[in-house]
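Visitor: Below, each chain spelled out in residue letters.
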Amino acid sequence: AQRVTQPEKLLSVFKGAPVELKCNYSYSGSPELFWYVQYSRQRLQLLLRHISRESIKGFTADLNKGETSFHLKKPFAQEEDSAMYYCAVVSGTYKYIFGTGTRLKVLA
Amino acid sequence: NAGVMQNPRHLVRRRGQEARLRCSPMKGHSHVYWYRQLPEEGLKFMVYLQKENIIDESGMPKERFSAEFPKEGPSILRIQQVVRGDSAAYFCASSTGTARSAGELFFGEGSRLTVL
Numbered sequence: 022a023q024r025v026t027q028p029e030k031l032l033s034v035f036k037g038a039p040v041e042l043k044c045n046y047s048y049s050g051s052p053e054l055f056w057y058v059q060y061s062r063q064r065l066q067l068l069l070r071h072i073s074r075e076s077i078k079g080f081t082a083d084l085n086k087g088e089t090s091f092h093l094k095k096p097f098a099q100e101e102d103s104a105m106y107y108c109a110v111v112s113g114t115y116k117y118i119f120g121t122g123t124r125l126k127v128l129a
Numbered sequence: 002n003a004g005v006m007q008n009p010r011h012l013v014r015r016r017g018q019e020a021r022l023r024c025s026p027m028k029g030h031s032h033v034y035w036y037r038q039l040p041e042e043g044l045k046f047m048v049y050l051q052k053e054n055i056i057d058e059s060g061m062p063k064e065r066f067s068a069e070f071p072k073e074g075p076s077i078l079r080i081q082q083v084v085r086g087d088s089a090a091y092f093c094a095s096s097t098g099t100a101r102s103a104g105e106l107f108f109g110e111g112s113r114l115t116v117l
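Just so you know, the protein sequences line up as chains A and B, in that order. Take the first sequence: its letter number 13 is residue 34 in my numbering, and every next letter is one higher. Take the second sequence: its letter number 76 is residue 77 in my numbering, and every next letter is one higher.
Derived from the structure by calculation, the hints contain no laboratory data. We put the CB at the ideal spot given by N, CA and C, even for glycine. Treat the hints with care, as some may be off.
Covered, in the sense of this in silico footprint (three residues per stretch, anywhere, with C-beta under 8 angstroms from a C-beta of chain A), are these stretches of chain B [unchecked claim]:
| no. | stretch |
| --- | --- |
| 1 | 23-37 |
| 2 | 41-52 |
| 3 | 105-116 |
Could you build the full structure based on these sequences and the hints that come with them?
Guide: Here it is in structure tokens:
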């Protein structure tokens, strides 16, 4: 069965420090992977997807099929990055499976 | 486009009552998903629907829970004879979706159910 693991419930870093939010997945086919983010008092929204290979708000994520990982990284954290982050894998073309989420706190 | 609309935002029910949660997807979206969020558990997939069809309900409890997405009107998640363990936030999301790639999910603000 598809599964997404986000081992850290809470990650605290200081402003300007590098950030890495871990995500490991279990999926037998060719997965599509996403990161979604929920800022305070806002809806959950898409941050980035692996097929786009893009950098959004300074964040990047590389799909590592060998390690079945899709870690989210940013070289220099900003206070406005504080939010809840969810990694998701899509089964087939429609079934999104989310991890338990990691709360990122960026300290001044 | 008002985005995905869920109502009610907050619902309080006593044990044994019925809860109905509604979700209007974004305009042009024909795919609707329901997720349940419990503390410490993230978003748990419940059901995926397209207009008039349930595509995948593997995450729905076998009893008391049902979902529909009629041709006209919002998608409805119905919980009969609620119990305290049903207390949670229920999120709806919609997407366009294609046969080649999963579309971006657009989420509603959620409906928080409290069972007394």
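Visitor: Are the hints correct? Go through all of them and say.
Guide: Hint check results:
1. 23-37: Answer holds; 3 residues pass the 8 angstroms Cβ test.
2. 41-52: holds (count 7)
3. 105-116: holds (count 6)
Consistency note: the structure conflicts with none of the earlier hints.
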